[in-house]
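The listed protein sequences correspond, in order, to chains A and B. Under this note's numbering, the first sequence has 204 at position 204, and the numbering climbs by one with no breaks. Just add 1000 to wherever you are in the second sequence, counting from 1, and you've got this note's numbering.
Hint data in this document are derived by calculation from the structure and do not stem from the laboratory. Predicted model only: the values in this text are computed from it and were never measured. Hints are all accurate, no fakes.
Here are the computed lysine-lysine pairs in the PhoX-like style, where the Cα-Cα straight-line distance is at most 25 angstroms:
1. 530(A) to 338(A)
2. 316(A) to 464(A)
3. 258(A) to 288(A)
4. 288(A) to 1179(B)
5. 80(A) to 502(A)
6. 479(A) to 492(A)
7. 545(A) to 1179(B)
8. 1179(B) to 34(A)
9. 258(A) to 1179(B)
10. 545(A) to 527(A)
11. 527(A) to 248(A)
12. 338(A) to 362(A)
Covered stretches of chain A (in silico footprint by chain B; criterion: 3 or more residues with CB under 8 angstroms from a CB of chain B, positions within the stretch not fixed):
13. 247-256
14. 266-275
Note that the Cβ used here is the ideal one computed from N, Cα and C, for glycine as well.
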Amino acid sequence: MMHKLNGRLRLLTASAALAMVMATTAPAFAETPKDTLVEAFAIDDVITMDPGEAFELTAAEITGNTYSMLVRLDINDTTKVVGDLAESWTVSDDGLTYTFKLKPDLKFASGNPVTAEDVAWSFERAVKLDKSPAFILTQFGLTGDNVTEKAKAADAQTFVFTVDQPYAPSFVLNCLTATVGAVLDKKLVLENVKPVTPTDEYKYDNDFGNEWLKTGYAGSGPFKLREWRANEVIVLERNDNFYGEQAKLARVIYRHMKESSGQRLALEAGDIDVARNLEPGDYDAVSKNADLATTNAPKGTVYYISLNQKNANLAKPEVREAFKYLVDYDAIGSTLIKGIGEVHQSFLPKGVLGALDENPYKLDVAKAKELLAKAGLADGFTVTMDVRNGQPVTGIAESFQQTLGQAGVKLEIIPGDGKQTLTKYRARNHDMYIGQWGMDYFDPNSNAETFTSNPDNSDEGKNKTLAWRNAWDVPELTKKTKDALLERDSAKRAETYKELQKTVLGESPFVIIFQQTEVAGYRGNVKGLKLGPSFDTNFVAGITKE
Amino acid sequence: MSMSATGTVDGRKRARPGKIVAAVLRFLVVVVTTYLGLLAVTFFIGRVIPIDPVLAVLGDRAPTHVVERTREAMGLNLPLYQQFFIYVRQALTGDFGVSVLTTNPVMTDIRRVFPATMELATLGTLIGALFGVPLGVLAAVKRGSIADQIVRVIGLVGYSVPIFWLALLSLLVFYARLKWVAYPGRIDIVFEYTFTPITGFYLFDALWQRQWDVLWDVFRHIILPASLLGYFSLAYISRMTRSFMLNELQQEYIVAARAKGLSETRIIWGHALRNAAVPLVTVIALSYAGLLEGSVLTETVFAWPGLGLYITNSLQNADMNAVLGGTIIIGSVFIGINLLSDLLYRTLDPRTRQR
Chain A
1 MMHKLNGRLR
11 LLTASAALAM
21 VMATTAPAFA
31 ETPKDTLVEA
41 FAIDDVITMD
51 PGEAFELTAA
61 EITGNTYSML
71 VRLDINDTTK
81 VVGDLAESWT
91 VSDDGLTYTF
101 KLKPDLKFAS
111 GNPVTAEDVA
121 WSFERAVKLD
131 KSPAFILTQF
141 GLTGDNVTEK
151 AKAADAQTFV
161 FTVDQPYAPS
171 FVLNCLTATV
181 GAVLDKKLVL
191 ENVKPVTPTD
201 EYKYDNDFGN
211 EWLKTGYAGS
221 GPFKLREWRA
231 NEVIVLERND
241 NFYGEQAKLA
251 RVIYRHMKES
261 SGQRLALEAG
271 DIDVARNLEP
281 GDYDAVSKNA
291 DLATTNAPKG
301 TVYYISLNQK
311 NANLAKPEVR
321 EAFKYLVDYD
331 AIGSTLIKGI
341 GEVHQSFLPK
351 GVLGALDENP
361 YKLDVAKAKE
371 LLAKAGLADG
381 FTVTMDVRNG
391 QPVTGIAESF
401 QQTLGQAGVK
411 LEIIPGDGKQ
421 TLTKYRARNH
431 DMYIGQWGMD
441 YFDPNSNAET
451 FTSNPDNSDE
461 GKNKTLAWRN
471 AWDVPELTKK
481 TKDALLERDS
491 AKRAETYKEL
501 QKTVLGESPF
511 VIIFQQTEVA
521 GYRGNVKGLK
531 LGPSFDTNFV
541 AGITKE
Chain B
1001 MSMSATGTVD
1011 GRKRARPGKI
1021 VAAVLRFLVV
1031 VVTTYLGLLA
1041 VTFFIGRVIP
1051 IDPVLAVLGD
1061 RAPTHVVERT
1071 REAMGLNLPL
1081 YQQFFIYVRQ
1091 ALTGDFGVSV
1101 LTTNPVMTDI
1111 RRVFPATMEL
1121 ATLGTLIGAL
1131 FGVPLGVLAA
1141 VKRGSIADQI
1151 VRVIGLVGYS
1161 VPIFWLALLS
1171 LLVFYARLKW
1181 VAYPGRIDIV
1191 FEYTFTPITG
1201 FYLFDALWQR
1211 QWDVLWDVFR
1221 HIILPASLLG
1231 YFSLAYISRM
1241 TRSFMLNELQ
1251 QEYIVAARAK
1261 GLSETRIIWG
1271 HALRNAAVPL
1281 VTVIALSYAG
1291 LLEGSVLTET
1301 VFAWPGLGLY
1311 ITNSLQNADM
1321 NAVLGGTIII
1331 GSVFIGINLL
1341 SDLLYRTLDP
1351 RTRQR
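Could you build the full structure based on these sequences and the hints that come with them?
Written as structure tokens, this is what we have:
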């Protein structure tokens, strides 16, 4: 009687087997189209593509490839800038007026000409919208009321920018390389504005095209943005109206893929050309594969552990110093961050003007114990640290827990989701925190301001710099940081930042551990892939496929 | 079947329109309370999670005045009861607002992600039921045999192995080594711009538009995640089928059927399974509903742009509009599937109709 049942099962098995055999007839090796570059990239940080609003790393890369600015970082020497839309510029003797001459015959992707009026309007728009990155421009004294005077077109080819103090020209120019300085196609954006009702906070009767530009595009870069679908895909297409050398590829597709091992599999199989989020293990495997290649570049992000000065034990100078001796830098460097970072103990990342390349601290338990005894804590104490889920921070926290234990300090790790730990950190409710800081713009002031400036240490303090978040009250350093902005001699300015870094190394509640290295794995037929020094300089225009 | 069906329909026609109204009312009350409960719970969760929603909108690097302005614009400075009121009013008008993560209206997002999940869940459940039910029957009929043991082990593995591990392993084997299936995602980039989905169910759309190469590509993308989900529901369905069948096979009507000299095949498939089918429908419906919520881990590993990923992402970012919208959708799915399985009950089991 069971024969029939078995017969049915046999049929099922047979059809399953058939399905599998059929599946094998598919092409054995997948390949992406020759004129298209496919990158696997975790793009879930993107919340907007409007250059006046976007402040996320992935969006920076897209803006960097699709828009032009007045000036750009010099990729070969990142302490300098070169012209992008601007052919030349002069600074007045009083250091207040910057005059930019545009290159001739520039065009937007739409075909509209690029004029100084577009530049002025882009500044006006960013300042009036006053979104997250606007402070990069408003810190020069621009407000919604004066911006049309301070940033204006003298004629079609000449843009004049007036700042409120005689800042270091390097500071002003570095800030103008930021993506918020992207020049927008005024005519095109104006066709897409949405009326809004003015309020006390927002005094203008339209949104300057903000809603449209969240997913829209109005630039003049080597590529144009064709589409962004959140957590799915970003598609760039070559801009045939680009003023400079034409991009080699017709299309670049960023596919959202979060998982490192998934990216590696897809890269090995040839379904993608570039994998952008490889973890150390997968990166290592890719670098050993003969069909694949890897590249990397140090980025402007440093990882640090900070000690909240509201905690009486952590506020003792000896404890701050002792903790710097209790990190096993060598072990972390050779395992946890291998390939994705390198040990770096000062707050300015390598490549930035004035960066200090000194790593004086080593794991030294005896020395740390001595310092703790001097602080009256010979028997150690217990302290907590908020750690967001994920690597490498969790691994580093565990390593630190173990080395602290050797000196008698008991560390309790409080794991949490990223936004959750950050909320607690921003409210100053932590003991210790492990986090990273990426530069807002490619100038030493970006990091100096957050690590060494704290104008108001009260709980109501408006400036929630990292120094504030850790209640590190440093009026002299705050002043010194501010003064460095007005030092017009670049060499002297660099010297001031070196001094600031030395102070932070010695006395601060920041244990800076490493500088992030961005990595990419790619297929052997991809040529010309180079990661830049910042996220908005990961250019794709020079890439070709064989 | 047909005889009794006609009889009941007549019986029902004659009877009680009042009862039907009462049933409909009861159903509405259940739906409304369920929705209200859902709203309260999501609102509560959204407010107790220690995440500042403004962070989600602006990221960590926004200056203080922008943060304050946004907080006010989002209504987060209002008292809690007012916020709840606004929240319920929004939901009632079907306006879930705009997702801060994607900048799209939440409904637009859901219309995009839900078909992806539904397609996957439907195929998964089909696979699970198609293989799970016969396996369960086999195990019950051959109770204690090697076959029974094997089915049990299959079920146990399906239950206890973490899905992301199995997902990665299967990718490694079927995609990286054997190259039988396509890489994570729903469709190859080659087709991304030549194929315009209509309903969002890619298999159906490709079939409808007779784009055979697209159909094949979509199939190669969906088959692995669907099989995995299918395997997990198979594990559950086969265990339940086995126990329902064992229960039926001990009933007296089986002895009677055997005494009548019916073939074993008819007894098992025609009589026992038909009776076991009634509770089985609930089991399958529930496992389907479970898959429709979106399997977060599977969707992550296979880069599947579905509902599970969407809601999890939103919740982690305190994107409450999106969470609200997603929750309502899931609530509706559960209510709908419960209703559907109730209706199926009535067709499958004459007794429920005659009461």
